[in-house]
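Asker: Chain order of the listed sequences is A and B. Position in the first sequence (from 1) plus 1 gives the number in our numbering. Position in the second sequence (from 1) plus 165 gives the number in our numbering.
Hints were generated in silico from the structure; no laboratory data involved. Mixed in with the good hints, there may be bad ones.
Subject to a maximum C-alpha distance of 30 Å in a straight line, what follows is the list of computed DSS-like cross-link-like pairs (lysine-lysine) [unchecked claim]:
#	chain 1	residue 1	chain 2	residue 2
1	B	Lys168	B	Lys269
2	A	Lys66	B	Lys168
3	A	Lys8	B	Lys269
4	B	Lys235	A	Lys66
5	B	Lys168	B	Lys203
6	B	Lys203	A	Lys8
7	B	Lys235	B	Lys281
In case you want the letters, here they are:
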Amino acid sequence: SAVISQKPSRDICQRGTSLTIQCQVDSQVTMMFWYRQQPGQSLTLIATANQGSEATYESGFVIDKFPISRPNLTFSTLTVSNMSPEDSSIYLCSVERGTGGTGELFFGEGSRLTVL
Amino acid sequence: AQKVTQAQTEISVVEKEDVTLDCVYETRDTTYYLFWYKQPPSGELVFLIRRNSFDEQNEISGRYSWNFQKSTSSFNFTITASQVVDSAVYFCALIRHGSSNTGKLIFGQGTTLQVKP
């Protein structure tokens, strides 16, 4: 199993500001995934972060709003830019165990953002 | 399009009762994987089980059991003799087979289970 650490675990932010969430994995992984969980809602994939290339965003998410970095095989950051109250969510980093899209994802504990 | 439906928003039981969490999915793919995750109050998602579309055998792991029925597109989860520590949000999820779908879990809305002492 992978150990995934996220920082911050929670934060309260002001409207219009940006916040960067860090995700550290204890082993090298090819792909890292960022999910969003809005209050009382399910999880939605934001983007896939590949080392050495641009992140791949899902429909409804754009790089200007959620820029992602992936400087090496164990680390990624997600920035939530120009935040509004609608961005209040839990943001979760995840990695896959195994290969081939079988989906057994390990998740970090998430970063709970509240935007005032 | 793929979709996962968990019709039960909240369930409340008393400790030691059995409880079944329902999951119905939609997909046109013949190869896919189904999952259950547990999200305790700490927020981390804990992987419980993965089942591929060609394996309809039911599975039992301790107090947990899963019933996969392709005929009804359902993948239900039963907790026997529930305990307070089972209180959490439970998510059912689906992923399409293939490397291009890596990481692209489609989650249901989740069922909040409260087990009272």
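Asker: If a hint holds in the structure, say so; if it does not, say that too.
Answerer: Results for each hint:
A hinted pair counts as satisfied when its Cα atoms are at most 30 Å apart, and Lys168/B with Lys269/B qualifies at roughly 12 Å. Between the alpha carbons of Lys66/A and Lys168/B the distance comes to roughly 26 Å, so the proposed pair stays at or under 30 Å and holds. Only pairs whose Cα atoms come within 30 Å are accepted, and Lys8/A paired with Lys269/B is accepted, the gap being roughly 23 Å. Restraint check: the Cα-Cα separation between Lys235/B and Lys66/A comes to about 40 Å, which exceeds 30 Å; the hinted pair is violated.
With a C-alpha separation of about 19 Å, the suggested pairing of Lys168/B with Lys203/B holds against the 30 Å cut-off. The suggested pairing of Lys203/B with Lys8/A holds, with an alpha-carbon distance near 21 Å, which does not exceed 30 Å. A distance of roughly 33 Å separates the Cα atoms of Lys235/B and Lys281/B; the hinted pair therefore is violated under the 30 Å criterion.
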